[in-house]
Every structure is written in C-alpha cells, then in structure tokens.
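As they're listed, the protein sequences go chains A and G.
Just so we're aligned, residue 381 is where the first sequence starts under our numbering, counting upward by one.
Just so we're aligned, residue 199 is where the second sequence starts under our numbering, counting upward by one.
Bear in mind the hints are in silico, worked out from the structure with no lab data behind them.
If you're wondering where the values come from, they're calculated on a predicted model, not measured in any experiment.
Backbone N, C-alpha and C fix where the C-beta goes; we use that ideal spot for every residue, glycine too.
Keep in mind that the hints are not guaranteed to be accurate.
Pair ranges (Cβ atoms, derived) [claimed, not checked]:
| hint | chain 1 | residue 1 | chain 2 | residue 2 | range |
| --- | --- | --- | --- | --- | --- |
| 1 | G | 446 | A | 661 | 40 to 46 Å |
| 2 | A | 503 | G | 616 | 44 to 50 Å |
| 3 | G | 295 | A | 512 | 44 to 50 Å |
| 4 | A | 512 | G | 534 | 45 to 51 Å |
| 5 | G | 499 | A | 652 | 56 to 62 Å |
| 6 | G | 483 | A | 608 | 52 to 58 Å |
| 7 | G | 369 | A | 549 | 42 to 48 Å |
| 8 | G | 297 | A | 503 | 33 to 39 Å |
| 9 | G | 596 | A | 403 | 36 to 42 Å |
| 10 | A | 407 | G | 253 | 37 to 43 Å |
| 11 | A | 427 | G | 622 | 50 to 56 Å |
| 12 | A | 661 | G | 312 | 33 to 39 Å |
The lines below spell out each chain.
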Amino acid sequence: MSVAQIAGGTTPAVARRAAKRDWLVLTALVVFGLVVIIAIIGPWIAPYDPDQLYAGPINGASSLVHPFGTDDLGRDILSRVLVGAGASVFAPIVVVVLSTLLGVAVAVTGAWFGGWVSGGIARIIDVIFAIPGLVIAVLAVAVFGKGLAAPIVALSIAYIPIVARLSQTAASRELGKPYMAALRVQGVSSLAICFRHLVPALIPIVAAQMAIGFGYAMLDLAAISFLGLGQQPPAPDWGSMIANGQAGILAGAPEQSVFPAIFVVVTVLAVGALGGRVTVWAEEKER
Amino acid sequence: MTPVLEIDALDIFAPDPGGPRQLVFGSTLSIGKGEAVGLVGESGSGKTLTVRAVAGLLPDGFTTRGMIRIDGEDIADLSPRALRDLRAHRLGMIFQTPRAHLNPLRTIGDFMTEALVHVADVRQQDAERRARELLDEVGITDPGRRMRQHPAELSGGLLQRVMIAAALAMDPEILLADEITTALDVTTQEEVMAVIADLRRHRELSLLFITHDLALAGAVCDRVNVMQHGRIVETLAAATMRRDAKDEYTKILMSAALDEAPPIAAAADVVQPILRIEDLHKTYRVRGADGRREELVAVDGVSIQLAPGGSLGIVGESGSGKSTTARILLGLERADAGTLSVDGHDWSRPARGGRERRRRAKIAQMVFQDPYQSLDRRQTVGQCLAEAIRVHRPKDSRDAVTARVLELMGQVRLDEALLGTRPRALSGGQRQRVAIARALAADPVLLVLDEAVSALDVTTQVEILTLLDAIRRETGVALLMITHDLTVIRRLCDQVVVMRQGRIEERGTAADILDAPQAEYTRLLLDSIPREGWQPRRRRLGRTQSLPTVTRSTIIPE
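Turn these sequences into a full structure, and let the hints steer you where they fit.
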C-alpha cells in the first residue's frame with residue numbers, strides 16, 4: 381500500500397497531494413541512485429566485453445544469453461548500455477553544473493551592477509546564443525582534440541546564456557524587493573547580500589532549470605557523439621547507440637536503439653522529478 | 199421589510215489534517231434594501247471569510263454550516279447554475295487591492311466590457327457605451343481616454359473606482375466591499391467613500407462593508423457588527439455606537455481609532471541638530487503618457503532639521519515626496535542637489551564602499567512599511583537579528599551575539615520562543631517588531647520609520663506606536679516618522695512637516711498643526727479622517743492624475 385493510499389479518505393486534498401509527491405520523489409531518487417551506481421560499476425558487471433565483435437548474432441533479438449539482444453556488429457547491447465552509462469550520465473551532470481555555476485555568476489554580476497555592465501553582459505550572451513552549440517563543439521574539438529572533454533566544455537558554454545538570462549531576470553526582481561534595501565541600510569556587505577540572500581533566492585528557478593538542462597545535455601551530447609566529435613567509437617554511450625541503431629529499426633531489429641533510449645528516458649524523468657521537488661522545497665521555505 | 203441578504207448562524211470550517219478547524223462561529227447578520235451594514239474586526243477575525251462565503255469565493259476545501267439567504271432564497275437550495283446566475287447578477291464585490299485584480303496587459307476598457315460581452319451577451323459597441331456610463335457614474339472624468347489606458351497608468355484611488363464601476367456593470371442589488379480603502383490615502387479614501395455614498399442614494403444599493411477601521415464603518419454604515427475571533431461580538435446602530443458599545447473589544451477598537459494620547463513634551467532646544475537637510479531636490483526621468491521622456495519632480499527644495507532625541511513627522515499623500523526624502527537620507531537614492539548632514543557628517547552623496555556604508559548604518563536605521571517584504575523570507579528571526587548584529591561586531595563570540603539577540607527581543611517585547619520562526623509564521627505586529635529590533639541592533643541615534651504602521655491593524659498600530667514611544671524614552675533615539683496618517687503623528691511626534699507635491703506646505707509643533715492648521719492642504723488632510731458625524735465629500739485636487747508613486751509638481755499651479 382502506497383503512502384498515497386494511506387493518506388486517502390478523510391484527509392484534505394492538499395495533504396494527499398503532498399504525500400503523493402513525496403512518493404514520486406522517493407521513486408525518482410531510487411531510480412537515479414541506481415543509474416548512478418550502474419554508471420560507476422557498469423564496466424565490472426557487464427557480462428561481455430562491450431567492444432567484442434560477434435559476441436552473438438548480428439541484430440539478435442533479446443534472449444537469455446543476450447537479455448537486450450545484440451547490435452549490427454554482434455556486440456552485446458546490455459554490456460554496452462552498462463559500460464556506456466558512465467559517459468552518458470556524468471557528462472551531462474558536469475555540463476549542467478558548469479553552465480549553472482558560470483551562468484549564475486554572470487547573471488548575479490549583471491543584475492548587481494546594472495547599467496552598462498548588465499547591458500554589456502546581455503550583448504555577449506546574445507552573441508553566444510547566436511552560435512549553435514554544435515559549432516562551438518567543433519571549435520572545442522579543434523582546441524582540445526577528440527574525446528569527451530571537448531563536447532562537455534562546448535555545451536557548458538552553449539548553455540550559459542539560457543541559465544544567465546533566466547537567473548538575471550530573477551536576480552533583478554529579487555534585488556528590487558524592499559528587504560534588499562533593508563539589508564543595504566543595515567550596512568550588510570555586498571558579498572554577504574549576494575551569497576546569503578540573493579543566491580539562495582534563485583535556487584527554485586535554478587534547480588528547475590538544471591533538471592531541464594540535464595535532459596537537453598544528454599540529448600545534445602548524443603548528437604555530438606553521432607557526429608563523431610564526442611565519445612570515440614567503439615567506446616559506447618547511450619546517445620551514439622541510439623543513433624547507430626536507426627538502420628536496425630528499419631530492418632526490424634529495434635533493440636539497439638530501444639534499450640539505451642529507455643535508460644535515457646527513465647534517467648531524464650527521474651532528474652526532472654527531483655528538480656521539481658527541489659524547487660517546491662525551496663519555495664516552501666520561502667513562503 | 200424583507201432583508202436582501204440574510205446570514206444566519208453561519209459556521210465556516212477550514213480543512214486541516216486533524217479534522218476541520220472552525221474559523222467562523224454562528225455569524226448572523228441581515229441587510230435590508232438600501233441599507234449599509236459594516237463588519238469590523240482585525241485581520242484574522244473571520245470578516246473576510248464571511249463575505250467570501252456569501253460570494254462563493256471560499257478557498258478550496260472550506261466547508262460551511264448555517265444559512266445564507268439572498269432575496270429570501272436559501273443559496274443551499276439553488277442549483278449550481280442558478281447560484282452562479284444569482285451571484286453574477288445580484289452581487290457585486292470589490293476587493294482591497296484593485297491592482298492585483300486587474301490584468302496589467304489589458305486596458306481598462308477591455309476589463310470593463312469583458313463581463314458584459316461574455317456573461318450578459320451584450321454587443322461590443324453597447325458594452326463600450328455602458329462602460330463609459332459606468333465610469334462616469336463613479337466620477338471618472340474623460341472615461342473614453344481612461345478606457346484606452348492600462349492599470350499601471352492609473353492611481354490606486356482611480357483603479358478602485360474602476361473596480362466599483364465594474365461591479366456595477368450587472369446592476370447588482372448588494373455590494374460586498376472588502377477593505378476597499380485600506381490601501382488608499384485618507385483623502386483618496388474619502389473620495390471613494392463619497393462615490394459609494396452617492397451610488398447608494400441613486401441605486402438603492404445594499405452594502406456590506408468590511409473594514410478594520412471602526413470610525414470609518416461608523417461614518418458610512420447604518421449598522422455596525424464587530425467581529426472578534428470568528429464571532430460577532432456586538433451589533434450597534436452606527437449613529438449611537440459610541441454610547442451604546444458594551445463589549446470590551448469594541449471599546450478597545452474605538453479607543454484605538456480615536457484616543458489621542460497627549461504629545462510628548464518637546465525636547466529642549468539643542469544647538470546641534472542630529473539631522474539637517476537643506477534645499478533637497480530630486481527629479482526622476484520617466485516615460486510620459488505619449489511615450490516621450492518627462493521630468494517628475496519628486497522632492498523640490500525640502501529643508502528639515504531634527505534635534506537629538508527629538509521626533510519629527512513628515513506627513514503627505516503618496517507622491518508627496520516624503521518617502522523619496524527618507525530614501526535619499528539613507529543612501530538608497532541620490533539627490534540632485536541640496537545638502538544633507540547627519541550627526542555632523544556630510545551625507546549628501548550615497549555611501550561609497552562597504553566601510554562607509556557600515557559607518558552610516560551605525561548612525562541611522564530604517565523601518566520599512568511592509569514588514570513581510572522587508573524581512574528575508576528565508577531567514578528565521580534569530581538569523582535575521584544575528585546578521586544585523588554581526589555587521590557591526592564581526593569578532594564577537596557566538597554567545598555574545600546570542601545574548602544581544604535576546605536583549606533586542608526583550609526591547610521590542612517579543613517572546614524568545616519565536617527565535618526559530620520565519621516571517622510567514624508571524625503576525626503583522628510581530629513582524630514589525632522584528633524589523634524594529636533589527637533596526638535597533640546597531641544602536642542608532644536616528645531611526646527612520648517609513649509608514650511603519652500603515653500596513654497594520656488599528657490595535658496593532660497602537661501597540662507598535664506605544665513600543666516606539668517606549669524605545670525612544672529608553673534609548674534616546676531620534677525618530678523621523680513618515681506617514682500619511684495624521685492620527686499616528688499625534689501619538690509619537692513633537693514636530694510635524696506637511697509635504698505635498700515635493701514641497702513643504704506647513705511646519706510646526708504637532709499640537710499646532712493638528713489643532714490649528716494654517717495651510718488649506720493640512721486642513722483637507724485633517725478633514726478626511728473619519729470620525730463621529732463625518733460625511734465623505736468629493737473633492738478635486740488633481741490628485742487623481744495617473745502617476746502612482748512620483749507626482750509632477752507642475753500638475754497644480756502653486
């Protein structure tokens with residue numbers, strides 16, 4: 381019996397909704413925890429070498445020997461999903477964390493100083509916005525060489541404008557509130573106002589943005605690997621596996637795309653639910 | 199005469215995990231045709247819940263018991279459709295904050311015609327003609343132009359009249375007015391009440407008037423119900439309420455509204471004033487109605503002096519420049535011209551750098567109007583006070599800070615048990631006490647109070663004013679009180695300055711200004727205060743022009 385059912389009956393709708401939300405978040409937490417564990421220990425629990433060609437039949441269906449089937453080169457898909465989890469999960473996390481740190485720093489600076497500082501930052505952001513993430517990725521590859529570092533740096537930069545726009549608006553609004561004037565009158569230092577009052581006030585909106593950004597980063601990284609600029613073949617990651625499976629889908633063997641896609645969807649959903657909860661929690665603290 | 203609206207033994211329950219919690223207990227009242235009935239009480243007394251039950255606007259999960267009859271029909275017996283029809287056509291409701299009820303992106307005309315077109319199926323042209331008639335009826339000049347304007351271009355008093363006009367669109371028989379003048383200046387309040395009084399005469403409207411101001415209710419209503427803790431404790435005829443009041447609580451409300459404590463004896467003349475402002479000017483550049491840049495003179499040649507330990511009141515309506523003066527004093531705005539010195543230091547320019555800001559913070563502190571918005575919602579009371587203390591004593595031990603926090607809590611008479619609570623869990627009065635304690639943390643010599651009690655209930659106002667008076671006697675801090683409410687001045691100030699349109703109209707001792715005002719404007723302000731035998735009158739002073747916070751000094755030729 382779930383918490384939601386226990387809470388049912390005479391208790392008001394609000395309490396029931398709260399209990400239900402916590403149940404959902406608990407599930408999301410467990411799912412995300414499992415995904416992270418898989419990402420860490422994947423290489424050790426994989427039943428086959430992920431790069432071993434012809435470990436089974438070409439485009440083989442699910443079976444007891446190969447639970448997720450085998451791909452167009454006969455590699456075991458389960459093993460590739462497990463080993464690829466590391467790159468697929470941690471790279472988007474790094475992208476989201478980096479772009480959020482930089483984006484919020486830029487936003488707070490702009491909102492704090494206002495005037496030409498804010499205007500100048502806005503113009504720079506516009507310029508970054510105008511360059512597609514993929515182009516930045518190509519540039520990054522030229523600088524860092526092939527591998528995971530280039531797309532991570534490229535996407536982190538490409539995501540800064542999104543985070544910065546959103547949080548600069550929120551920061552400006554927060555700075556206009558009377559309590560900010562009250563803090564200045566008290567003589568509280570600018571740094572303390574920023575870190576003790578302004579940044580915490582941005583948590584709800586930034587947390588929601590991070591959760592959304594994680595999903596996008598995962599998909600964008602997949603697109604970059606598909607172009608051959610990210611994770612280099614034969615090393616697996618979920619994005620390139622989905623992309624490489626396209627031919628298989630047409631040939632009636634969807635396993636190569638479907639199984640990593642399920643992992644992508646489940647992970648993104650779990651992160652989205654967690655982000656939503658953080659937002660609600662931060663807002664509750666505010667009211 | 200059958201009553202138009204009858205509420206009989208109405209109980210209202212709020213949803214609660216531990217079972218429904220009763221908030222209103224057997225509320226009973228009736229309103230005849232053309233009658234005005236007041237419902238008076240503090241926030242949390244259940245008066246708003248009672249009207250909301252009548253209007254069908256109770257929050258989700260709230261349940262009621264008892265009877266509400268409109269024109270003799272029990273609304274519990276009506277089908278949902280009939281009920282919606284009844285509410286749409288018989289009831290009109292007006293709220294406290296008109297700005298919050300208007301979509302800022304739509305024009306006044308859109309708002310006025312929407313209900314007519316979509317609910318009453320009136321054609322667009324007819325709806326617009328009707329809207330202009332209604333706006334005219336509530337005393338709005340040039341309704342055609344107003345219909346094309348957006349809410350942000352109109353003042354609070356004007357918006358409230360738009361709301362009244364909109365409520366009249368369906369020709370209601372009953373008007374439910376919930377604290378409609380609380381957010382307005384006294385003079386604007388008088389105008390809005392005069393409009394309501396006219397409407398009642400012309401339309402035979404019944405009025406249920408909710409307010410926390412007993413004097414106002416007594417002046418505009420036929421009968422007054424006093425509500426406390428969810429119960430109607432007393433029902434009085436308005437004309438004789440001062441004599442007939444028996445309930446202790448009614449008497450407290452009355453004295454809170456009327457009692458005028460004797461002014462504190464003026465301090466002896468001191469040579470060196472703590473605050474000296476000379477010929478202060480501030481002009482804002484704003485975008486005018488036609489999109490061009492216009493200059494708004496907010497403060498125009500203001501000079502003020504305040505003796506150490508003295509208390510000075512600056513009175514004026516919104517837009518008179520009184521708040522701008524205070525903000526310049528505390529370095530939140532930059533003056534265009536003029537000199538300003540505090541405690542012998544030149545403060546004409548805002549502080550540069552953190553050290554200068556801290557030094558000034560130790561001398562002058564400020565309490566803001568809305569304590570909920572001037573406290574960080576995420577901080578507990580203890581954290582908030584500790585932060586204010588640490589600014590000036592960064593090296594103090596944790597114990598020393600805690601001791602000082604407790605000392606401050608005692609100074610503002612706050613229970614130590616509240617240290618761990620956040621602002622949302624505090625009452626309005628408690629929040630303002632926290633804000634005062636925070637201002638006192640630095641041991642300032644000058645305390646600026648910007649409308650510090652206007653957002654509070656009358657009884658709470660008295661508590662806070664008494665507290666401020668006590669603090670002034672204990673610590674010798676000088677007070678600069680900014681308010682639109684002259685009754686507040688009488689309790690706390692020995693010197694008064696009356697400001698209008700950025701200029702000083704009149705200055706003198708509190709007793710002189712309040713008892714023998716010289717300037718016409720001061721007399722107008724005093725006349726606008728509701729009291730026994732008071733009749734709201736319509737006046738035109740050009741105050742209804744469209745600028746909400748800053749006012750052009752050129753609007754009225756001096």
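Hints, verified against the model:
no., hint, result
1, G:446 <-> A:661: 40 to 46 Å, "holds (45 Å)"
2, A:503 <-> G:616: 44 to 50 Å, "holds (48 Å)"
3, G:295 <-> A:512: 44 to 50 Å, "holds (46 Å)"
4, A:512 <-> G:534: 45 to 51 Å, "holds (48 Å)"
5, G:499 <-> A:652: 56 to 62 Å, "holds (59 Å)"
6, G:483 <-> A:608: 52 to 58 Å, "holds (56 Å)"
7, G:369 <-> A:549: 42 to 48 Å, "holds (44 Å)"
8, G:297 <-> A:503: 33 to 39 Å, "holds (34 Å)"
9, G:596 <-> A:403: 36 to 42 Å, "holds (40 Å)"
10, A:407 <-> G:253: 37 to 43 Å, "holds (42 Å)"
11, A:427 <-> G:622: 50 to 56 Å, "holds (55 Å)"
12, A:661 <-> G:312: 33 to 39 Å, "holds (38 Å)"
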